[in-house]
Amino acid sequence: MSKRLIRIIAAFVLLIAVQAAGMPLMAEAHIGTIGYSDIRAAGKTINYTLYLEAREVEQWVTIRTRKVIVLDPAASAPAGPIWTEQDLQRLIGESLEVTGNGEKGRFMLKSHTVEKKNGMDFVRMELSSTFDRPVQEYGIHYAFFFDLDDPQHQNFVTVHTGNQPVQMVLNAQMRDISEKISDGSGRRTMEIAVPGWLFTFRDFLVTGMLHIWTGYDHLLFLLGLLVVKQKTKAYVQILTAFTVGHSITLALSALDIVRVPLSVIEPLIALSIVFVAIENIWLKRHGYRWLVALLFGFIHGFGFADILHGALGEDYLLALFSFNLGVEVGQLAVLAVLLPALICAARISWYPRMVYGISGIIAFMGAVWFMDRI
Numbered sequence: 000m001s002k003r004l005i006r007i008i009a010a011f012v013l014l015i016a017v018q019a020a021g022m023p024l025m026a027e028a029h030i031g032t033i034g035y036s037d038i039r040a041a042g043k044t045i046n047y048t049l050y051l052e053a054r055e056v057e058q059w060v061t062i063r064t065r066k067v068i069v070l071d072p073a074a075s076a077p078a079g080p081i082w083t084e085q086d087l088q089r090l091i092g093e094s095l096e097v098t099g100n101g102e103k104g105r106f107m108l109k110s111h112t113v114e115k116k117n118g119m120d121f122v123r124m125e126l127s128s129t130f131d132r133p134v135q136e137y138g139i140h141y142a143f144f145f146d147l148d149d150p151q152h153q154n155f156v157t158v159h160t161g162n163q164p165v166q167m168v169l170n171a172q173m174r175d176i177s178e179k180i181s182d183g184s185g186r187r188t189m190e191i192a193v194p195g196w197l198f199t200f201r202d203f204l205v206t207g208m209l210h211i212w213t214g215y216d217h218l219l220f221l222l223g224l225l226v227v228k229q230k231t232k233a234y235v236q237i238l239t240a241f242t243v244g245h246s247i248t249l250a251l252s253a254l255d256i257v258r259v260p261l262s263v264i265e266p267l268i269a270l271s272i273v274f275v276a277i278e279n280i281w282l283k284r285h286g287y288r289w290l291v292a293l294l295f296g297f298i299h300g301f302g303f304a305d306i307l308h309g310a311l312g313e314d315y316l317l318a319l320f321s322f323n324l325g326v327e328v329g330q331l332a333v334l335a336v337l338l339p340a341l342i343c344a345a346r347i348s349w350y351p352r353m354v355y356g357i358s359g360i361i362a363f364m365g366a367v368w369f370m371d372r373i
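All residue numbers for the sequence shown refer to numbering that gives the first Met the number 0, where the first residue is 0 and numbers rise by one.
Worth double-checking, as some hints may not be accurate.
Stated by the list, open to error - Straight-line distance between alpha carbons at most 27 Å, and here's what the computed DSS-like set of lysine-lysine pairs gives:
#1 Lys179 <-> Lys43
#2 Lys43 <-> Lys103
#3 Lys283 <-> Lys232
#4 Lys228 <-> Lys283
#5 Lys179 <-> Lys230
#6 Lys109 <-> Lys179
#7 Lys103 <-> Lys179
#8 Lys115 <-> Lys43
What the hints contain is simulated information worked out from the structure, not anything from laboratory work.
The whole structure should be built from the sequences, with the hints applied where relevant.
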């Protein structure tokens, strides 16, 4: 039984390492590209403001039009975007479906610009779809990039349902929006008979869980903190300190109260992994590990918050709480599997030698990520 637990721990570490190694050195260690949507229905028209990352649009256009781009380090950057208005209209036509009052419609591109959002270039597109009579109900099917280019793409949506906007997150599993006007008063309700806030809570909760499960650097950091044999009380202190640390900076960063460039945060996260791994090998006692977890938790919180910049609408407190709760649920789910195995394995006499091996793997991966991110 003990050997089996050891194998489980080793397999867990190797799984993370192998997956991480296969993801372009994890220069960006989280979920793929993101977009933003603002949807309003007024009279006969559905207006849709759509933001998509410019790099993803360029990749789509390059693949679909079979254009060849020669990457010459000595050459200057292109003077403008490689796409045309016709390219964008084709992208919209292939990726967005809309119905109004049960009839199929079409989103037309009214205008487009390239704007900076969270330090990145986004293509902002103003779309509209007009029907023969006032829209009483409509549906939108969103399918940008999922099936070919980026299955982890997400879009943060605000649907303006009367006086209470509803926030949602579209992804490969959740691609549809439907809304109906309940009566002549102009009040709107989402198709599923649940309060609008529940959509926001559900979608941001799931997004937070996925963010931690795909954040291999965060997972390796936690493993580095916990792999050393400690008392149960110490494990609780470490997890609590890490939670407090990243919750504070997640909120401050997501609300734009404190901003630190991702180019600074990502290398620091990698260094935090190296630090705890070397500490596992070098130090004999780890009495203040909760303080290490707290201090590095502040740094990891900025990494957690990166996906939320620009995604928080009017109901930002609920979205922020739900996302943070999702991070915690995802983290606890991993720990629920890992901690019992670690506690049992720690009873084996030669476990300290295995800690050195595990810590060596963790330090190596952290060093690789650091070199790739600087």
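Here is what the structure says about each hint:
no.: 1; hint: Lys179 <-> Lys43; in the structure: holds, 13 Å
no.: 2; hint: Lys43 <-> Lys103; in the structure: holds, 13 Å
no.: 3; hint: Lys283 <-> Lys232; in the structure: holds, 18 Å
no.: 4; hint: Lys228 <-> Lys283; in the structure: holds, 11 Å
no.: 5; hint: Lys179 <-> Lys230; in the structure: violated, 56 Å
no.: 6; hint: Lys109 <-> Lys179; in the structure: holds, 25 Å
no.: 7; hint: Lys103 <-> Lys179; in the structure: holds, 15 Å
no.: 8; hint: Lys115 <-> Lys43; in the structure: violated, 32 Å
Checked against the numbered hints above, the structure violates hints 5, 8; every other hint is satisfied.
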